[in-house]
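Protein sequence lines, in the order shown, are assigned to chains A and B.
The numbering of the first sequence is this note's numbering, which starts it at 1 and goes up by one.
The numbering of the second sequence is this note's numbering, which starts it at 1 and goes up by one.
Misleading hints may appear alongside valid ones.
Keeping only pairs whose Cα atoms sit at most 20 Å apart, straight-line, the calculated DMTMM-like set for lysine to aspartate or glutamate is [as the list claims (entries may be wrong)]:
id: 1; chain 1: A; residue 1: LYS175; chain 2: B; residue 2: GLU240
id: 2; chain 1: A; residue 1: LYS175; chain 2: B; residue 2: ASP176
id: 3; chain 1: B; residue 1: LYS239; chain 2: A; residue 2: ASP61
id: 4; chain 1: A; residue 1: LYS175; chain 2: B; residue 2: ASP174
id: 5; chain 1: B; residue 1: LYS29; chain 2: B; residue 2: GLU219
id: 6; chain 1: B; residue 1: LYS239; chain 2: A; residue 2: ASP181
Since the hints were derived computationally from the structure, they do not count as laboratory data.
Given the structure is predicted, the values throughout are model-derived calculations rather than measurements.
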Amino acid sequence: MEKIILLIPSIPIVIAFILFFVNKKEFIPKVSIMLSSMVALLGLYGTYHVISTGTPIIGFDGLVIYNELSAILVPYVAILGLVIRKYATKYMWDEPGYKRFFVLLNFIFSAIYLLVMSNNLIVLALAWQLMSISLYLLVSFNVGSNSAVKNAKWTMIVHKGADLVFIFGVVLTYKTFGSFDLAILSEKWLSMSHSPVDNPTIFIIGLLFLIAAMMKSAIAPFHIWLPYTSEAPTPVSALMHAGVVNVGGILLNKLAYLLLLTPAVLNIAFVVGLFTAIFASLVMLVVSDIKRSLGYSTVGQMGYMIMEVGLGAFSLAIYHLMVHGIFKASLFLESGGLIKLARHDSNLPKRLTYELFWEEKIKSNSKKIFNYLAFFTILPVLVFIGVKMVLSEEFLEFNASIVILAFAWLTGTQLFLSFFKVSKSESLKVIFALVSSFVIILFTYEFVGLALEHFIYGDDALLFYEAATLNVTMVMSLVMIAAIMIIGWLFMYKQHLTDSPKAEYRSNNMKWLFYKFLVKEGHYFSILKIFKKDKA
Amino acid sequence: MIENILLFLLAAGLPYYILLEQVSVLKSKHIFIISGVLLLVAIIGSGYIVKDHGPAFVIISLLSSLFSIYRATKTTNFYKLGYHLIVVNSPFFMLFENEGMLYSLALLVSLTGIYLIAQFYEKNYGSANYHHITGITLVRPYIGTYLTFYLIALALYPPFPNSLYFLEYIFNSDPDLLWYLVIITLFFGNFFLSMRVMKKTLFGRPNSNIHYVHMTAKEKATHMFIVVLLLLLSVNGVKEMLL
């Protein structure tokens with residue numbers, strides 16, 4: 001009976017086929033939503049089955065599996081899909097190609113379900129490519145727009161590259177380990193991890209899969225496709241930022257045991273993830289286009305996700321991609337609705353948050369810098385230590401703990417700044433909100449992260465942390481984190497909490513160059529132009 | 001050896017279209033048909049002849065393929081694109097002993113679809129040139145859908161058989177330098193050529209100077225037959241690859 005759950009990837013294909021024969025426009029979303037809710041229900045039933053029996057559902061000769069990872073991700077994707085379809089019902093009504101949109105949406109969901117539920121590298125490769133082509137057709141949905149088509153082309157080129165790298169990874173995996181079956185491979189990888197592995201081919205395989213994941217998850221230097229695809233319809237943007245871009249994290253989780261054998265690949269993932277997170281977050285602050293800014297925000301979050309994988313916190317990456325997905329999807333869908341509203345009424349009501357944090361109240365007093373410093377450095381460390389002591393026995397055992405501290409702090413601050421415009425006035429509310437968001441995020445990350453870790457990987461989770469741990473002492477880590485936090489705090493303090501009189505302003509060449517570098521998105525396109533000039 | 005050289009020529013290991021283009025009585029449509037028929041003969045012939053294509057054959061066909069990719073980027077004619085694509089994919093036939101046959105068959109079926117689309121353009125818009133026939137997806141969804149299917153198949157994307165056979169053979173073969181070169185060339189060559197057509201005719205704003213014509217029921221049925229044929233080949237491809 002439970003084997004029926006394995007049909008989930010085929011249901012959206014059936015829906016797409018049915019939609020071909022639906023002629024009445026109002027029935028298209030109804031049929032799509034009604035049948036898609038079946039997927040959500042099946043997904044939830046599957047999750048219940050996996051949790052209650054503790055055994056995965058395997059079928060089609062072991063090609064497809066509904067395991068712990070699927071039990072978390074399939075209901076998430078299905079519910080996200082329902083929300084997007086419901087939203088698109090009205091939003092896309094006036095667009096040409098209404099039926100085409102719903103058909104394509106079903107194709108991409110089918111590819112995502114297949115990707116999540118695949119238990120075979122060939123099936124994974126097929127789903128990996130199916131997703132690329134569906135995404136291309138969705139991103140270029142507005143076919144009349146030259147820029148939409150051009151940006152879709154860039155998206156497709158990066159994804160095609162990812163497909164090729166992935167296929168090479170699969171070929172080498174088969175040649176080295178002799179199987180395509182992920183369950184068999186995972187067992188083999190786990191048993192091999194008990195003794196030191198000295199095989200450069202395994203490193204290359206790990207690296208190929210990491211590069212494939214980086215390309216599809218828009219990690220630097222392959223990030224450029226994502227910020228430029230915002231011309232796609234809002235529901236597609238929501239799907240892209242909440243679902244499609246996460247496939248890198250999903251892939252690395254599926255191949256987690258392989259990465260046990262290649263700690264160097266984990267370390268590379270950490271470095272590129274960290275770089276992407278910082279670079280994209282900085283670019284996000286300076287680009288003038290709000291849509292690109294949102295795109296860079298997602299790139300930054302993907303950087304965090306890959307960084308977590310690099311630390312061995314695989315399950316935390318899953319939690320991160322889900323939380324970020326929900327956050328970003330709601331942001332996109334809300335902004336789409338808001339734009340539509342604003343076209344009718346430009347006087348949108350002020351929000352409560354605006355009145356709370358934005359209105360000028362008291363002039364700032366920069367002498368209190370040390371108080372702030374204490375607030376934003378010592379307090380978070382104390383909170384973190386408290387949380388770790390309450391939740392985990394292995395207190396600060398691995399590097400991951402330290403980075404989670406920085407991550408929680410950064411995310412808390414970013415979350416706060418995303419939602420609220422911070423006043424230039426000195427306000428205790430701002431401090432309180434920053435610290436409380438930090439505490440909430442830290443608690444949820446630690447609590448849910450540990451729960452997920454236990455559910456997906458059980459006792460093996462510790463192996464990943466061990467594999468990913470760099471030989472850096474605790475003191476060094478703490479000093480580095482404190483330095484990052486102080487620099488970050490000073491930057492934010494200057495940006496938001498101080499008034500610098502214009503008369504005292506002095507030009508700073510370095511600062512200006514740095515700003516230009518960021519505002520030009522790392523001169524990414526300038527490099528391409530140089531090649532074009534040479535060609536001319 | 002002679003049989004293998006013959007097979008090499010039949011499967012478009014050399015860009016013989018350069019010579020055929022010089023013959024004034026032969027139009028691009030005829031060259032497309034000739035190339036298609038020769039490939040079909042090669043596919044049938046490969047069932048009887050034991051292929052023994054050394055690396056030299058593969059290297060020559062790879063060079064022909066690269067040249068044809070370049071030539072294909074210079075044309076906006078469906079017929080020309082068709083016979084260029086036959087040459088572009090010839091290294092696959094050479095590299096994979098007996099297995100390139102099904103891949104070439106899938107290629108031939110997809111190109112039959114392209115041929116019918118070319119005929120449709122020729123009949124209704126004066127020539128098989130697609131340069132200014134933009135926005136087909138918006139104005140004529142049926143023809144847009146079929147053309148999308150064929151181009152996706154040619155761009156080597158699943159679930160179409162071209163991609164499935166391509167993957168099956170590369171998963172079950174031993175990579176070497178030549179192997180990598182052929183795979184990368186075909187993987188990106190087919191992709192870029194197909195995307196180029198998509199951009200130029202499927203996408204874009206509809207051209208207000210053109211009266212877009214609907215497909216007749218017979219034309220729809222013919223295309224449906226080709227798509228079903230492709231899907232049947234896909235089923236076979238999935239079976240061969242996974243089971």
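Problem set entry | Pair hint LYS175 of chain A and GLU240 of chain B, alpha-carbon separation not exceeding 20 Å | Distance ~19 Å between LYS175 of chain A and GLU240 of chain B Cα, so the pair holds.
For this session: Verify the proposed pairing of LYS175 of chain A with ASP176 of chain B, using a straight-line Cα cut of 20 Å.
Result: Given pair LYS175 of chain A, ASP176 of chain B holds - Cα atoms ~12 Å apart, limit 20 Å.
Problem set entry | Distance restraint between LYS29 of chain B and GLU219 of chain B, which requires alpha-carbon spacing of 20 Å or less | Given pair LYS29 of chain B, GLU219 of chain B holds - Cα atoms ~19 Å apart, limit 20 Å.
Exercise. Taken at face value, is the distance from the CA of ASP174 of chain B to the CA of LYS175 of chain A at most 20 Å?
Worked result: 8 Å, holds
Problem set entry | Restraint check for LYS239 of chain B with ASP61 of chain A, where alpha carbons must lie at most 20 Å apart | Cα-Cα ~12 Å, so holds.
Exercise. Are the Cα atoms of LYS239 of chain B and ASP181 of chain A separated by 20 Å or less?
Worked result: 16 Å, holds
The structure shown violates none of the earlier numbered hints.
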